[in-house]
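Q: As a plain string of letters, each chain reads:
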Amino acid sequence: MHGLINRSIQRFVVDEYGQDIWQRVVRQADLGFANFEAMWLYEDALTGKTLRACAAVLGRPQCELMEDIGTYLVAHPNNQVLRRLLRFGGQSFADFLLSLDELPQRARMAIAQLDIPPVDLQELTPLRYRLCCGAGIDGYAPFVAGVLRAMADDYGALVLIEQGRGAWLDITLLEARFHTPRAFVLGAKTG
Amino acid sequence: MSENRMRQDQTGPATTGSGVMIPAAALDAVCPLHLLLDRRGRVLNAGPTFDKLLGAPAAGRDVMQLLQVLRPQGIGDMAGLAASDGGKLRLRLAAPCATVFAGTCQKAGPGQYLLALSFGIQLAQAVQRHALCASDFAATDLAIELLYLSEAKSAAMVAAQQLSHRLAGAHAAAEQEAQTDPLTGLCNRRALEQRLTDLIATGQGFALMTLDLDFFKAVNDEMGHDAGDHVLCEVAQILREETRDSDTVARLGGDEFVLIIGDIQDQALLQRIGQRIITRLSEPIPFGQHRCQIAASIGTALSRDHRQPTPAQLLKDADIALYASKAAGRARQTFFSPALTR
Numbered sequence: 015m016h017g018l019i020n021r022s023i024q025r026f027v028v029d030e031y032g033q034d035i036w037q038r039v040v041r042q043a044d045l046g047f048a049n050f051e052a053m054w055l056y057e058d059a060l061t062g063k064t065l066r067a068c069a070a071v072l073g074r075p076q077c078e079l080m081e082d083i084g085t086y087l088v089a090h091p092n093n094q095v096l097r098r099l100l101r102f103g104g105q106s107f108a109d110f111l112l113s114l115d116e117l118p119q120r121a122r123m124a125i126a127q128l129d130i131p132p133v134d135l136q137e138l139t140p141l142r143y144r145l146c147c148g149a150g151i152d153g154y155a156p157f158v159a160g161v162l163r164a165m166a167d168d169y170g171a172l173v174l175i176e177q178g179r180g181a182w183l184d185i186t187l188l189e190a191r192f193h194t195p196r197a198f199v200l201g202a203k204t205g
Numbered sequence: 004m005s006e007n008r009m010r011q012d013q014t015g016p017a018t019t020g021s022g023v024m025i026p027a028a029a030l031d032a033v034c035p036l037h038l039l040l041d042r043r044g045r046v047l048n049a050g051p052t053f054d055k056l057l058g059a060p061a062a063g064r065d066v067m068q069l070l071q072v073l074r075p076q077g078i079g080d081m082a083g084l085a086a087s088d089g090g091k092l093r094l095r096l097a098a099p100c101a102t103v104f105a106g107t108c109q110k111a112g113p114g115q116y117l118l119a120l121s122f123g124i125q126l127a128q129a130v131q132r133h134a135l136c137a138s139d140f141a142a143t144d145l146a147i148e149l150l151y152l153s154e155a156k157s158a159a160m161v162a163a164q165q166l167s168h169r170l171a172g173a174h175a176a177a178e179q180e181a182q183t184d185p186l187t188g189l190c191n192r193r194a195l196e197q198r199l200t201d202l203i204a205t206g207q208g209f210a211l212m213t214l215d216l217d218f219f220k221a222v223n224d225e226m227g228h229d230a231g232d233h234v235l236c237e238v239a240q241i242l243r244e245e246t247r248d249s250d251t252v253a254r255l256g257g258d259e260f261v262l263i264i265g266d267i268q269d270q271a272l273l274q275r276i277g278q279r280i281i282t283r284l285s286e287p288i289p290f291g292q293h294r295c296q297i298a299a300s301i302g303t304a305l306s307r308d309h310r311q312p313t314p315a316q317l318l319k320d321a322d323i324a325l326y327a328s329k330a331a332g333r334a335r336q337t338f339f340s341p342a343l344t345r
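Residue numbers (my numbering), protein chains in the order written: chain L, 15 to 205; chain Y, 4 to 345.
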């Protein structure tokens with residue numbers, strides 16, 4: 015698994031719960047090191063191990079945690095870069111949904127070894143969508159739900175996201191412009 | 004009023020070579036950064052993004068007042084632009100912002116030319132300068148992807164730079180904590196001092212020998228540093244062979260070595276060990292076609308000479324004895340005694 019993903023989990027724990035809790039996760043998961051490096055590759059098993067340790071240390075169900083991580087990645091002030099990169103996907107939340115098919119390619123374009131599990135969007139009606147989220151990856155659907163909720167908020171859209179019993183999400187676009195979207199200037203100076 | 008009417012009449016659909024008519028609105032959508040020109044260079048229609056850059060409608064203006072052709076050089080009028088024959092152009096907006104475009108001018112119909120423009124490599128600056136948004140680009144334009152890519156790459160670059168800074172820091176810290184002399188693989192000063200402290204703490208007696216090479220500087224100066232490094236490695240090997248595994252051999256830098264001989268306090272035995280080392284080190288060391296001639300002087304201190312020895316004290320004792328060996332003509336061993344300090 016790419017270090018960026020593991021590092022994101024670490025940053026979620028540190029930013030939301032503090033360094034001490036992260037150190038408990040490190041011990042619980044028996045990682046043998048204190049920090050994930052964003053630019054290194056790790057064995058896939060480490061990611062699951064870390065997530066299970068987070069759930070155990072925080073005493074929360076893992077799927078709930080996954081959704082919080084998804085929201086954190088978009089909404090937290092420390093993650094402006096990712097939020098901006100996602101906003102390049104479309105000018106409206108509906109546009110953004112339609113761009114999700116390309117997410118793995120977009121990720122790979124940024125960082126060649128970054129593998130994001132694919133999602134598949136079905137347009138049920140112009141306002142209703144069903145998103146299948148890589149069955150087989152534990153917690154991926156709630157994670158994507160967290161990302162989508164935060165992105166809808168970013169676009170100022172009002173949406174209803176329900177998780178089906180399988181690894182899919184039902185998304186209903188209630189209002190495209192429910193409140194003022196967060197600013198997204200194409201030519202913002204970053205970094 | 005009459006000018007507006009004239010514009011409408013002449014804007015009409017552009018005609019391509021095969022006779023396909025493109026309505027102006029479609030042209031605006033697929034190429035929002037274009038100028039449709041008549042044969043005198045007057046703007047018949049301007050794409051919405053071009054108007055946005057200009058801050059005013061371009062229709063009716065003379066193209067040569069709006070744009071300056073940078074490449075190819077020497078194009079100063081509409082005739083020149085028409086004669087560019089669809090080749091690649093570089094143009095500059097004749098406004099204070101001086102935005103640069105890549106462009107091409109194609110014959111679009113009877114007496115009409117289509118000048119299509121793009122931002123080229125200066126895309127990011129242009130987007131920033133003119134506060135452009137996604138709708139200012141054609142749906143098929145890769146500009147947004149290019150901006151995405153440039154932002155994603157700079158984020159990845161920042162992460163990579165942070166990593167390399169952390170690694171450099173870790174490398175420096177590891178060097179600080181290293182126990183080994185990288186050239187010879189012997190212990191370094193840090194490891195030696197640790198070993199001495201540990202031995203003193205156990206209370207067991209030992210001997211400390213400092214060994215200094217004679218004529219080593221001449222080898223380095225006359226045969227080069229490769230020869231010098233080779234000699235140091237050979238010396239290290241000989242010192243390893245002449246001591247037991249439980250003893251410690253260290254290089255403190257340059258041609259200065261230190262040996263800790265554990266459990267032996269007998270001067271006669273230590274004398275024999277020292278002599279063996281001196282004898283072996285007086286044999287020339289081959290290096291390529293050369294033979295490097297060195298010698299060794301030794302100063303030896305015994306831990307039992309002090310009731311409460313310290314590493315610094317013992318090293319100082321051994322150095323005093325070493326100095327005495329050198330003063331007495333080199334290639335010999337001297338045992339420390341208080342008399343030497345007088």
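Among these hints, one or two may not hold up.
[Stated by the list, open to error] Covered stretches of chain L (in silico footprint by chain Y; criterion: 3 or more residues with CB under 8 angstroms from a CB of chain Y, positions within the stretch not fixed):
#	region
1	72 to 84
2	140 to 147
3	152 to 164
4	193 to 201
[Unchecked claim] From chain L, some residues computed to sit far from chain Y (all C-beta separations above 12 angstroms):
#	residue
5	28
6	38
7	42
8	59
9	105
10	174
11	175
Think of the hints as simulated: they come from the structure by calculation, not from any bench.
A virtual CB, placed ideally from N, CA and C, is assigned to each residue, including glycine.
Q: Hint by hint, note whether the structure agrees.
A: Now the hints, each set against the structure:
Here's how the region 72 to 84 of chain L fares: 0 of its residues keep a CB closer than 8 angstroms to some CB of chain Y, so the rule of at least three is not met and the hint is violated. Closer than 8 angstroms: that is the beta-carbon criterion, and the region 140 to 147 of chain L has 0 residues meeting it against chain Y, so the requirement of 3 is violated. Coverage of a stretch by a chain is defined here by at least three residues with a beta carbon nearer than 8 angstroms to that chain's beta carbons; for the region 152 to 164 of chain L and chain Y the count is 0, and the condition is violated. Proximity of the region 193 to 201 of chain L to chain Y, defined as three or more residues with a beta carbon under 8 angstroms from a beta carbon of that chain, is established by the 3 residues found.
For residue 28 of chain L, the requirement that its beta carbon stay farther than 12 angstroms from each beta carbon of chain Y is met, with the minimum near 15 angstroms. No beta-carbon of chain Y is positioned within 12 angstroms of the beta-carbon of residue 38 of chain L; the least distance is around 23 angstroms. With 12 angstroms as the threshold on Cβ separation, the claim that residue 42 of chain L sits away from chain Y holds: the shortest Cβ distance comes to roughly 24 angstroms. Against chain Y, the non-interface label of residue 59 of chain L holds: every CB pair exceeds 12 angstroms, the least being about 23 angstroms.
Chain Y draws residue 105 of chain L into its interface by the beta-carbon criterion, the shortest separation being 5 angstroms against a cut-off of 12 angstroms. Taking the minimum C-beta to C-beta distance to chain Y, about 26 angstroms, the non-interface status of residue 174 of chain L holds against the 12 angstroms cut. Every Cβ of chain Y is farther than 12 angstroms from the Cβ of residue 175 of chain L; the closest lies at roughly 25 angstroms, confirming the non-interface assignment.
In summary, the numbered hints that this structure violates are 1, 2, 3, 9.
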